[in-house]
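A.B. asks: Construct the complete structure from the given sequences, taking the supplied hints into account.
Protein chains in written order, with this note's numbering: chain A, 32 to 215; chain B, 4 to 359.
Heads up, some of the hints might be wrong.
Said to hold, decoys possible - 25 Å max Cα-Cα, derived BS3-like pairs, lysine-lysine:
(1) 22/B <-> 154/A
(2) 22/B <-> 209/A
(3) 281/B <-> 257/B
(4) 257/B <-> 219/B
(5) 154/A <-> 209/A
Said to hold, decoys possible - With the C-beta cut set under 8 Å, the calculated list includes, among others, these residues of chain B facing chain A:
(6) 9
(7) 10
(8) 12
(9) 19
(10) 23
(11) 29
(12) 31
(13) 104
(14) 120
(15) 121
(16) 122
To be verified - Per the computed footprint, the stretches of chain A lying under chain B, defined by three or more beta-carbons under 8 Å from a beta-carbon of chain B, are:
(17) 50-59
(18) 87-100
(19) 152-160
(20) 171-177
Bear in mind the hints are in silico, worked out from the structure with no lab data behind them.
Computed from a predicted structure; not experimentally measured.
Where is the CB? At the ideal position from N, CA and C, for every residue including glycine.
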Amino acid sequence: MTVWPVTESREHDSLVSAARDGDRVAFGRLYARYARMVHGILLARVPPPEVDDLVQEVFLSALRQLHALRDSSRFGAWLGTITRNLANDYFRKAIPVSKLTEPVTENHAKTGASDHAAEQEAKAILAVIRALPESYREPLMLRLVEGMTGPEIAARTGLTHGSVRVNLCRGMQLLREKLGETSA
Amino acid sequence: MKDDYLWDGSGEPDPEIQKLEAALGRYRHNQPAPAFDRLREIRPVEQRRAFFSLRWLPQLGAVAVIVLLAAAVFLVLRSRPSGNAGPSWDVARLEGTPRVGWHAIGDKSGPGKLGIGQTLVTDNFSRATITLDETGRVEVDPSSRLRLVTNGPGRKRLSLERGTIHATIWAPPGEFVVDTPSAVAVDLGCVYTLQVDDSGAGLLRTTMGWVGFKLKGHESFIPAGAICQTRPGIGPGTPYLEDASASFRDALSKFDFSSTTAAERTALLGVILADARKGDVLTLWHLLSRVSDPDRPGVYDRLAALAPPPAVVTRQGILGLDRSMLDAWWNSLGFGDIYLWRTYEHNWSQRPPKVN
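C.D. replies: Structure, rendered in structure tokens:
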């Protein structure tokens, strides 16, 4: 497990304890710390348009179950497990939904062609990452999409620096290969 | 090490990783935290299990009676108008299969609830309504995403992330607010339609009453029969009547949203003033505080010609943007009492809209 600086670790544990005792403001601060992690884990598993709603579901579920968490320092790993379970539930219950929107009808600026191309490119890269083995998918989403550093990923997920670093490097190597194949 | 940039962003940047970061940044988490402190008490899962455990079995009958009585009281109270804010809006399906989270609202599942932090999603074939007895009814068109942000007494706040809603609000003015990516709509007692497209641009059309539209101090008042557009990063444009001439609307749109030089803006203003009719005083009044100092006398003169100012208003005061005189002139135009806006808008802190 990752060892945090003592002051950060204490503050984190006291936030979790306060949230467990019903302090909703403390829970809101935990949301601020962990929302990117939850978002990235979900993005590695479910369609992007569903992710924002599921993030809310994850935190509501965590709020209901928080009393059962005995070790405050394991909050990140525990939240990660809830997130993965909810993502799995999604596939058991989900209904496919198209996400297109009609443009505003007055003569407003429309999304340009270059933006559309960038969006398509982003979709394609995301699809390649989502096709990677699970152990690489999550750290790459957290690093490349959510902008978290390796040490942050380790701190939030409860993994060691070593394993996060290895998975990031191997995942990135594999991603380069796959993107090379795609563009070839 | 050569992977330092990948690890913690230090060391020599890797152009390929930077490119990936830039491309994928659009998917980054950007939702504000739900108002957890406003959520109703959430009963822990363990407590709910304990309720059904065998050691409670003897009391089960008594509890069941109490629950039935409570349910009966709830149903009776629910059927009457109440001053208390409920925790959720009622969601009803109009067409297709709208969803709250991944829970489908359909014929068989019956009506649903929209709680704080939850999002109502309609696909291309779905429509739904959300209703709160003491506030109003909002019809949600296909391809929309509507989130409930807060729901306290006297403070109902939704966020229209994209799509179209038709709101009929009977709550007191200033109590119902809708965030969009490019402006905040504050209800001042009205019926209106609000659209947001995928770029975050919006359009508000008022059918009855009036609506305040604002972003970072940039405000527009949209009375019945008027339209106002918004753009991400710019905020609400100048409102205009639906029957304004095409040249008037075109010049106004360019004046509000196009990147123009001072000379071009003056030329566009010339078209607007020349095309302005009696009803367009709505637009001219808004322009008083949006044009440059050298252009303001022209707007004053045209507005004064179409709608002479009340006695308390002086040319000098308006050219100096005296707020009490601007308000007095607005009130004389017959679109609504600006006191409502001045009283209620400060109650709502602005959420800086975020657009990818």
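A.B. asks: Compare the structure with each hint and give your call.
C.D. replies: Hints versus structure:
1. 22/B <-> 154/A: holds (14 Å)
2. 22/B <-> 209/A: holds (15 Å)
3. 281/B <-> 257/B: holds (22 Å)
4. 257/B <-> 219/B: holds (21 Å)
5. 154/A <-> 209/A: Roughly 14 Å separates the two Cα atoms, so the pair holds.
6. 9: This interface hint holds because 6 Å falls under the 8 Å limit.
7. 10: holds (4 Å)
8. 12: Check passed: Cβ of residue 12/B comes within 6 Å of chain A, closer than 8 Å.
9. 19: Nearest chain A Cβ about 7 Å off; hint holds.
10. 23: holds (5 Å)
11. 29: holds (6 Å)
12. 31: Constraint on residue 31/B satisfied, holds at 6 Å.
13. 104: holds (5 Å)
14. 120: holds (5 Å)
15. 121: With a minimum Cβ separation of about 7 Å from chain A (threshold 8 Å), the hint on residue 121/B holds.
16. 122: holds (5 Å)
17. 50-59: holds (count 4)
18. 87-100: Three-residue rule met by the stretch 87-100 of chain A, so holds; n is 10.
19. 152-160: Contact hint for the stretch 152-160 of chain A vs chain B: holds, 4 residues under 8 Å.
20. 171-177: holds (count 4)
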